[in-house]
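**Q** Take a look at the letters that make up each chain.
2 protein chains.
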Amino acid sequence: MSTAKRKGLILVNTGNGKGKTTAALGMALRAWGQGMKVLILQFIKGGWKYGELKAARKLAPDFEIRQMGEGFIKGEDDSSLGEHRHAARQALETARKEIASDRYDLIILDEVLYAIYYGLIKLDDVLELLGQKPEKLHLVLTGRNAPPQIIERADLVTEMREVKHPFTQGIAAQKGIEY
Amino acid sequence: MSTAKRKGLILVNTGNGKGKTTAALGMALRAWGQGMKVLILQFIKGGWKYGELKAARKLAPDFEIRQMGEGFIKGEDDSSLGEHRHAARQALETARKEIASDRYDLIILDEVLYAIYYGLIKLDDVLELLGQKPEKLHLVLTGRNAPPQIIERADLVTEMREVKHPFTQGIAAQKGIEY
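Residue numbers (our numbering), protein chains in the order written: chain A, 1 to 179; chain B, 1 to 179.
Hints are not guaranteed to be accurate.
[Unchecked claim] BS3-like cross-link-like pairs, simulated, lysine-lysine; straight-line CA separation at most 27 Å:
{"id": "1", "chain 1": "B", "residue 1": "LYS37", "chain 2": "A", "residue 2": "LYS37"}
{"id": "2", "chain 1": "A", "residue 1": "LYS175", "chain 2": "B", "residue 2": "LYS122"}
{"id": "3", "chain 1": "A", "residue 1": "LYS175", "chain 2": "B", "residue 2": "LYS164"}
{"id": "4", "chain 1": "A", "residue 1": "LYS58", "chain 2": "B", "residue 2": "LYS58"}
{"id": "5", "chain 1": "B", "residue 1": "LYS7", "chain 2": "B", "residue 2": "LYS133"}
{"id": "6", "chain 1": "B", "residue 1": "LYS136", "chain 2": "A", "residue 2": "LYS7"}
{"id": "7", "chain 1": "A", "residue 1": "LYS175", "chain 2": "B", "residue 2": "LYS37"}
{"id": "8", "chain 1": "B", "residue 1": "LYS58", "chain 2": "A", "residue 2": "LYS164"}
{"id": "9", "chain 1": "A", "residue 1": "LYS133", "chain 2": "B", "residue 2": "LYS164"}
{"id": "10", "chain 1": "B", "residue 1": "LYS136", "chain 2": "B", "residue 2": "LYS122"}
{"id": "11", "chain 1": "B", "residue 1": "LYS164", "chain 2": "A", "residue 2": "LYS54"}
{"id": "12", "chain 1": "B", "residue 1": "LYS37", "chain 2": "B", "residue 2": "LYS164"}
{"id": "13", "chain 1": "A", "residue 1": "LYS175", "chain 2": "A", "residue 2": "LYS164"}
{"id": "14", "chain 1": "B", "residue 1": "LYS122", "chain 2": "A", "residue 2": "LYS7"}
{"id": "15", "chain 1": "B", "residue 1": "LYS164", "chain 2": "A", "residue 2": "LYS136"}
Calculated from the structure, these hints are not laboratory results.
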């Protein structure tokens, strides 16, 4: 309808099932197909998949995946959690900068909800980020356990619920499907 | 684990939420990134999105989307349902042929479950199709209301559940996101 508002959406993919990141990736491909500029930021180190990274390289420059966690020094916080916290904070910082840059049409904050849930970054910082979103930018947040304050601010929330999973049947992760 | 079986999976994206086709599209991109050959067959006419079609064109030849419903003659079955039935049957026929061809690594039967639910094609024909799947082929079925017989045969089933939707808030479908 012509009277409907035109605006960038805040979308959330949550739940315990597969497909949260994968659906974000599909959205990224659709947007890229429409000539939009897409950025995917990964808030959890090692959360990236080879298939995605290879595809992104082929779809460059308007389709970017950035991994975080570089420059971590063991002495700072001698734990795996410390390393994850470092990566998540780098991702948050990059998100702030790139959302403000207004260079992208779609930014995906992959596993940001997971990073909040595990206390790697603060919910308030992410809510502040949502408040700074340029009008036309689409923002996608993925991860388990979306907090109610994020759901409240989102336009579209989908829960991916696992009904049946192959790993429980002794089938190995399959190249191109799982990674 | 090294003892785990290596095989092509049957994956199902169902539920009333967004993201069933979008997650399949993300899977297609990941597989394509791994150098696999991908075919997407659309069982419901008009179910395609412009962003997807444009992206597929850029990712050709190893990333194909085929729409059905061509060659429908009004006199055959003078209704919109007749046209949909015609498209779904064409898609089923093509699926049979291309699954048997063994030319693809991943085939997506988009909205095939919707086509079964509305009686456009028969459940038994789709079950037969699953039985004919070459060992290494990954097959993805999407659509609402996955029948129990399909869930039984699937390796991975995810339900996409709508928690919140923007159209109920008077926000128009957004280019690159919804289509």
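**Q** State for each hint whether it applies.
**A** We went through each hint and held it up to the structure:
1. LYS37/B x LYS37/A: At roughly 25 Å apart (the allowed maximum being 27 Å), LYS37/A and LYS37/B satisfy the hint.
2. LYS175/A x LYS122/B: Violated, at about 32 Å.
3. LYS175/A x LYS164/B: violated (33 Å)
4. LYS58/A x LYS58/B: At roughly 10 Å apart (the allowed maximum being 27 Å), LYS58/B and LYS58/A satisfy the hint.
5. LYS7/B x LYS133/B: Cα-Cα ~11 Å, so holds.
6. LYS136/B x LYS7/A: Violated. LYS136/B to LYS7/A sits at ~43 Å, over the 27 Å cutoff.
7. LYS175/A x LYS37/B: holds (13 Å)
8. LYS58/B x LYS164/A: violated (34 Å)
9. LYS133/A x LYS164/B: Holds, at roughly 20 Å.
10. LYS136/B x LYS122/B: holds (25 Å)
11. LYS164/B x LYS54/A: Not satisfied, since the Cα-Cα distance of roughly 33 Å exceeds 27 Å.
12. LYS37/B x LYS164/B: violated (35 Å)
13. LYS175/A x LYS164/A: holds (19 Å)
14. LYS122/B x LYS7/A: violated (41 Å)
15. LYS164/B x LYS136/A: Cα-Cα ~20 Å, so holds.
Checked against the numbered hints given earlier, the structure breaks hints 2, 3, 6, 8, 11, 12, 14 and satisfies all the rest.
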